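Q: Here is how the chains run, residue by residue.
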Amino acid sequence: MTDLSNPDLVRQALGGDPDAFANLVRRHHSDILGLCISMLHDASLADDAAQEAFLKAYRSLDKFRMDSSFSTWLYRIASNTCLDFLRRKGRERSQSLEALQEGEERRVRELFAAQPEAPVSEEDADLLERVLARLPEDYRLILTLREIQGLDYKELAETLDCSLDAVKARLKRARQRLEAIARHFSEPGDV
Amino acid sequence: MSHDELRDSLWDLFDDALPSDRRKELSDHLEACAECRDSLSRVSRARALFFRAPPAVTRAESERFVLKLALRLPEPAGALWWRWLNAPWMVPTLGLGLAAACLSVLLSSPDSAPADTLMLLGSQDRTLAQIVLPQDRSGGDSLLMSQLETE
Chain A
1 MTDLSNPDLV RQALGGDPDA FANLVRRHHS DILGLCISML HDASLADDAA QEAFLKAYRS
61 LDKFRMDSSF STWLYRIASN TCLDFLRRKG RERSQSLEAL QEGEERRVRE LFAAQPEAPV
121 SEEDADLLER VLARLPEDYR LILTLREIQG LDYKELAETL DCSLDAVKAR LKRARQRLEA
181 IARHFSEPGD V
Chain B
192 MSHDELRDSL WDLFDDALPS DRRKELSDHL EACAECRDSL SRVSRARALF FRAPPAVTRA
252 ESERFVLKLA LRLPEPAGAL WWRWLNAPWM VPTLGLGLAA ACLSVLLSSP DSAPADTLML
312 LGSQDRTLAQ IVLPQDRSGG DSLLMSQLET E
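Chains as they are written, first to last, in this note's numbering: chain A, 1 to 191; chain B, 192 to 342.
There may be inaccurate statements among the hints.
Derived pair list, reagent style BS3-like, types lysine-lysine, alpha-carbon separation capped at 25 Å [unchecked claim]:
1) Lys154/A to Lys63/A
2) Lys89/A to Lys259/B
3) Lys215/B to Lys56/A
Don't read these hints as lab results, they were simulated from the structure.
Since the model is a prediction, treat every value here as computed from it, not as a measurement.
Could you put together the complete structure from these sequences and hints?
A: Encoded structure:
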C-alpha cells in the first residue's frame with residue numbers, strides 16, 4: 001500500500017487516478033466494514049453498507065475538506081449509511097423486538113453470568129443482537145464508535161457532527177440505557 | 192463530592208477522561224459503595240458482551256472488496272481528460288497529430304487561397320499552378336485556370 005497521506009490520495013483521486021481511490025479504500029476498508037458489522041450484525045448486509053458508504057464517499061470526494069480528518073469524514077458517511085440500513089432492516093425485524101421467549105431470556109442471563117469475553121455461538125450472537133436492538137440507534141452508534149472503533153471524544157464529535165458536550169451527554173445516556181438492559185438480565189427473578 | 196455526582200462520572204472511567212484527583216476520589220468511593228460498584232460491573236460486562244471487535248479483515252477480502260467497488264464506481268467528472276492527458280501514448284500521438292495538421296495546412300493552402308492571389312502569378316508560374324491545382328478541377332478553379340491560360 002502507498003505511503004501517501006489521505007489528502008494526497010484524495011487529490012490524486014479527484015484528478016481521476018482510480019488507483020488513488022482504491023488505496024484509500026484499502027486503507028480504511030477494515031475500519032468501515034468493522035463499523036458496519038458491529039452496527040448491522042449481518043456480514044452480507046454489512047458488506048453492502050460498506051460498499052454503499054465508499055460509493056457515497058467517492059461521489060462526494062470533492063466536498064471533503066483537506067484540513068479535516070478523512071477517517072472521521074468516512075466514519076460519518078458510513079455511520080449515516082448504517083443508520084439507513086438499520087431503519088430499513090428495522091421494518092423487517094419488528095417481530096424480533098418483541099419480548100424474548102422464556103428460554104431465550106434465560107440464555108441471555110446465562111451469557112451475562114458467564115465470562116462476557118468468551119466467544120459466543122452464532123445463535124447466541126443473534127440473540128444478543130435482538131437484545132441490543134432495544135437500544136435506540138443513535139445510542140448504539142455512539143457506543144459502537146467508542147467501544148469498538150475506539151474513537152475519542154473529538155473524533156466522535158467530528159463523526160457525529162456535534163459538540164464535545166453533546167458527545168459526552170449522549171455517551172452517558174447510552175451507557176445508562178445499556179446499564180438498564182444489563183440490570184434486567186443480571187438481576188434474578190425478572191423474567 | 193456527593194454520591195450522585197460521583198455516580199454521574201462513573202462512565203468516564205471507561206474513557207480515561209478523568210483528571211487524576213477525580214479518578215482517585217471515584218476509586219475511593221467505589222471501594223465503599225456497592226451500588227456504584229455493581230453499576231460499573233454491569234456496564235463493563237455489557238460492553239464486553241455486546242461490543243465485540245469484529246473479525247479482522249484479510250488482505251484477500253480487502254482486495255475482493257476493492258474490485259467489487261471498482262466495478263460500481265462512476266467516472267468522475269473531469270477525470271477522463273486527465274487520464275488521457277497522463278496516458279503514456281499521449282505525447283507521441285499529440286506529436287503525430289500536430290505534424291499531420293501542419294502537413295495538411297501546407298498541402299491545402301492553395302485550395303483556400305483567394306483567386307486574386309493566383310491571378311498575381313505570372314505565366315512563368317503556370318507550371319506551379321498546374322502542379323498545385325489538379326487538372327480535373329471544376330467550377331471556380333477551372334475558371335481560374337482558363338484565366339491563367341488567357342494570360
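Q: Compare the structure with each hint and give your call.
A: For each hint, the structure was consulted:
no.	hint	verdict
1	Lys154/A to Lys63/A	holds, 21 Å
2	Lys89/A to Lys259/B	holds, 23 Å
3	Lys215/B to Lys56/A	violated, 46 Å
Violated hints amount to a single one, hint 3; each of the other numbered hints is respected by the structure.
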